[in-house]
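Undergrad: Listed here are the chains, written in short residue letters.
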Amino acid sequence: MTEAAEVKIDDPGIQRFREERDQFTNLGAMIGLIDDPEVKLNVRITAFVAKARQKIVDAYEQGRPFIANNYCTAPELGLAMDLPWFMLFDAPFTLMGRQSLHEVIDESVAMGLGSDLCTAIRTNIYYVEKNLVPVPTAAVGFVFPCDGMPMLHQVMGHSSSSWRDVPLICPDPAPYFADGNIESIDYFANELRKTAAFLTEHTGNKLDMDKLKEVIDESNKHYELWQEYNDLRRAVPAPHGHSMGGQTCYSMAQIFGVGDPDVTTWFQDLVDLTEEKVAAGKGVIPEGKKEIRLFWFDLNPTTFADQFMPWLEEEYGAVMVMDMLGYHDYTTIDTSSEEEIWRGLAKRGLFDTPMVRQSIGTADGFVKDLHRVVEDFKIDVVIWPGHMGHKEMLGTYGIMREACRELGVHFFDIRMDIWDDRYTPIDQVKDKFTRFFEAAGYA
Amino acid sequence: MNTPIKSEAFSIMTQATAGLENPAIDEWKAQGGKTIGYFCSMLPEELFLAGGLLPFRMRATGSEGTDGGDSYFTNNNCTFVRHCFSVALDGGYDFLDGVVVINSCDQIRRLYDNWLHKDISPFVHMVALPRQSGPDQVEWYTGEFHRLRKSIEEHFKVEITDKGLREAIAVMNETRRLQREVYELRKRERPPITGAETMAIMVAGTAMPKVRYNELLRELLTELETRELETTYRARIMVTGGILDDPTWMEAVEEVGGLVVTDGTCFGGRLMHCDVDEDIVDPMEALSQYYLADRPSCPRMIDTQVKRKNYTVDLAREFNCDGIIGEKMMFCDMWQVEQFMMTMDLKEEEIPFLKLEREYITSGTGQLKTRVQAFIETMGK
Ligand code: SF4
Ligand code: SF4
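Those protein sequences? They're chains A and B, same order as listed. Each step along the first sequence adds one to the number in our numbering, with nothing skipped, and position 241 is 241. Each step along the second sequence adds one to the number in our numbering, with nothing skipped, and position 161 is 604.
Here chain A stands alone, though its shape is the one from the complex (with noise of 0.2 angstroms):
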């Protein structure tokens, strides 16, 4: 009997990890180009996207464990791991040259997922379905923020799954709902411990405390830079509109820089940059255009916002100067104890972390952080995207219009799919802007 070569299946998620990886690179090669200090800095993002997927692509090339986390389940704990680690909950985010997102978005509803299922969820199974997605050694779900995620954990271990194999853990939430709650971050610091001790059952990886505080340490100082930056953005004129900070800043933290002191740097510079912007008085509107400050109050429509946030700033003066996933209130970790350090990182996961913290708990968190964007930042008007997958969001609909009222701010209400722009297509979205700017005595 003549022995086969050993062929290697290759893993299509992690073809789509490597072609991601060569995209972002090329991306920042072309934006690189632009001579603007700012654009410079954005680039520099693509160079960390690029090397979370190289890091995937290694640990696969080279037989060695890697998993799949998330930004409010102590992502921490895979660089403290030696765990190299993905977002499984990146579809959306990260989606690039394969198929369009309108494409993925049509196919996972012709695959019977309905179109008044949040996309992001939609388009995360679509990809689980396709394989698209790198099957890791062990997988930590994430079963909140909103009722769609635990549902894409049940189809990822559902039998008709790639992943159906994939050892899983998923730290339960059960929290109360006030902010803070000590029971809660408890309860959720034990769901941690069991998580760190599985992640070492099934990846034969141990947790070494001292490397868990040194990557806690550094990214304590992501978060005090963030907070710098944040405060940086209360200027008026605001530096800073849709484009800079906010989501880029999360990415960074949460995503595809945890605890990496060259993100370290990349706050440091953000925050550089900003200051001397802020000193020079020079701000993201047109100059001689009155500035209307806005709080966008959901995530950033990231794939589409280009298509009339410019829009926005040059014709009405109108900026986005705070966005829900962009604000934060993050208490730094004490690393001086065991103890100290999981109470930190569920705290951290639970109430800190923005989405996680607005959507898990009760409305009195959504007012509390919409009072004090509101005061901080300045804001003239709230806009509420009111993202048809956000059910719980839309379901605060009647407060947050209340309390904006009784803040004196306006509430602007769109109704949009933050993933899809022909939900309601940008010239809708114009037009409402418009017809709002005109009523509200801004145009």
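It is worth saying that the hints were derived from the structure and are not from the lab. Please note that the accuracy of each hint is not assured.
[What the hints assert, rightly or not] Taking beta-carbon pairs under 10 angstroms as the criterion, some of the chain A residues facing chain B (in silico):
id, residue
1, Asp147
2, Glu275
3, Tyr397
[As the list claims (entries may be wrong)] Simulated pairs of lysine to aspartate or glutamate, DMTMM-like, Cα-Cα distance not exceeding 25 angstroms:
id, chain 1, residue 1, chain 2, residue 2
4, B, Lys750, A, Asp165
5, A, Lys130, B, Glu791
6, B, Lys561, A, Asp364
7, B, Lys472, B, Asp722
8, B, Lys600, B, Glu610
9, B, Lys790, A, Asp165
All C-beta atoms in this analysis are idealised placements derived from N, C-alpha and C, irrespective of residue type, glycine included.
Let chain A serve as the given structure and place chain B with the ligands on it in line with the hints.
TA: Here is chain B with the ligands on its own, set in the frame of chain A:
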């Protein structure tokens, strides 16, 4: 057309199902009794009973629109929630002395927020439900029940004793046993009761004093023992899904020849599939174990997909069903994805499956009937 069920028990039950406040509740209140509404079947009715309260499972039967609710929710929210809130704003739940809510889904949690915001009820309590059903979660949930117990005791100035809880468990286990007997009769080739009638019975059980309800069930069972439906049906159907409390929906299915012989819904079969374990010493722990881990759950609980599938398949086979209809409310993410998985599972099991979306209030059954008719035809019936 079948001759209607004759017993008075059945007419009392249908009265309780036809609207919200009903004569049985009025009678209870006239005697000074307090009534508590609760959202979702994962809450322990036994705890309310032991506190001397009459538990009323929240629904919005008879709601005429979502106008009030639409000022606080949007048209992408599920209509159950919007109808309930509209009824609340119109004072339709004023007969309740309080409401207990659970974070069973995002939309119900927001209903709680709005309930507080508009100051609808004098007593409102939220219970935090975990997403999984393992031992740690059972422990957490027991803690939640203790919190609920304390807040009921404080607000209603009652004492909930372990003895009282054990008695309540025994009463509710009896309810479940009797309901299972009704379902058991539906296994017959010619069942004595339709799906719509059964639904009325099940819903009534959530809207009247339990001891009285058990008596009515016993009386009804005597009649059902010898009854046989006169109409012949083309197919035996199982219905599965979430909140379905409207017998007219079932009627529509049955009018085109699909006799509903069992269901896995949360007003129906899932409520009484098994009993609370009376051998567990601590009744609070027994309740937590039952509601969180033992009973067939909905897709809310992420570690139960295989269990849910097996429950559905086993039930369909036990009741000799020709096909399964999965109903879900529009804008319900959990049941949406559940149906996606169920489609694959039931195909593998070679059980015909029809997915149907619905609004909470059944209005106009034409399209529903056409779909069911076509489904029955595809089964060659
Ligand atoms: S965008 Fe909102 S609804 Fe969609 S998956 Fe995220 S939290 Fe859930
Ligand atoms: S139907 Fe779905 S969304 Fe509506 S209340 Fe029930 S679980 Fe929640």
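Undergrad: Are the hints correct? Go through all of them and say.
TA: Results of checking the hints against the structure:
With a least beta-carbon distance of about 4 angstroms to chain B, the hint placing A:Asp147 at the interface is held under the 10 angstroms criterion. Against a cut-off of 10 angstroms between C-beta atoms, the interface hint on A:Glu275 is violated, since the closest Cβ of chain B lies about 40 angstroms away. Here the hint on A:Tyr397 is kept, as its CB sits about 5 angstroms from the closest CB of chain B, short of 10 angstroms. Of the pairs offered as hints, the one joining B:Lys750 and A:Asp165 holds, with about 17 angstroms between alpha carbons and a cut-off of 25 angstroms not exceeded.
Distance hint between A:Lys130 and B:Glu791 is fulfilled; the C-alpha atoms sit about 19 angstroms from each other, no more than 25 angstroms. Our distance criterion of 25 angstroms between C-alpha atoms is met by B:Lys561 and A:Asp364, whose separation comes to about 13 angstroms. Our distance criterion of 25 angstroms between C-alpha atoms is broken by B:Lys472 and B:Asp722, whose separation comes to about 34 angstroms. For the proposed pair B:Lys600 and B:Glu610, the alpha carbon gap of about 20 angstroms is at most 25 angstroms, so the pair holds.
As the CA atoms of B:Lys790 and A:Asp165 are separated by approximately 21 angstroms, the hinted pair is consistent with the 25 angstroms bound.
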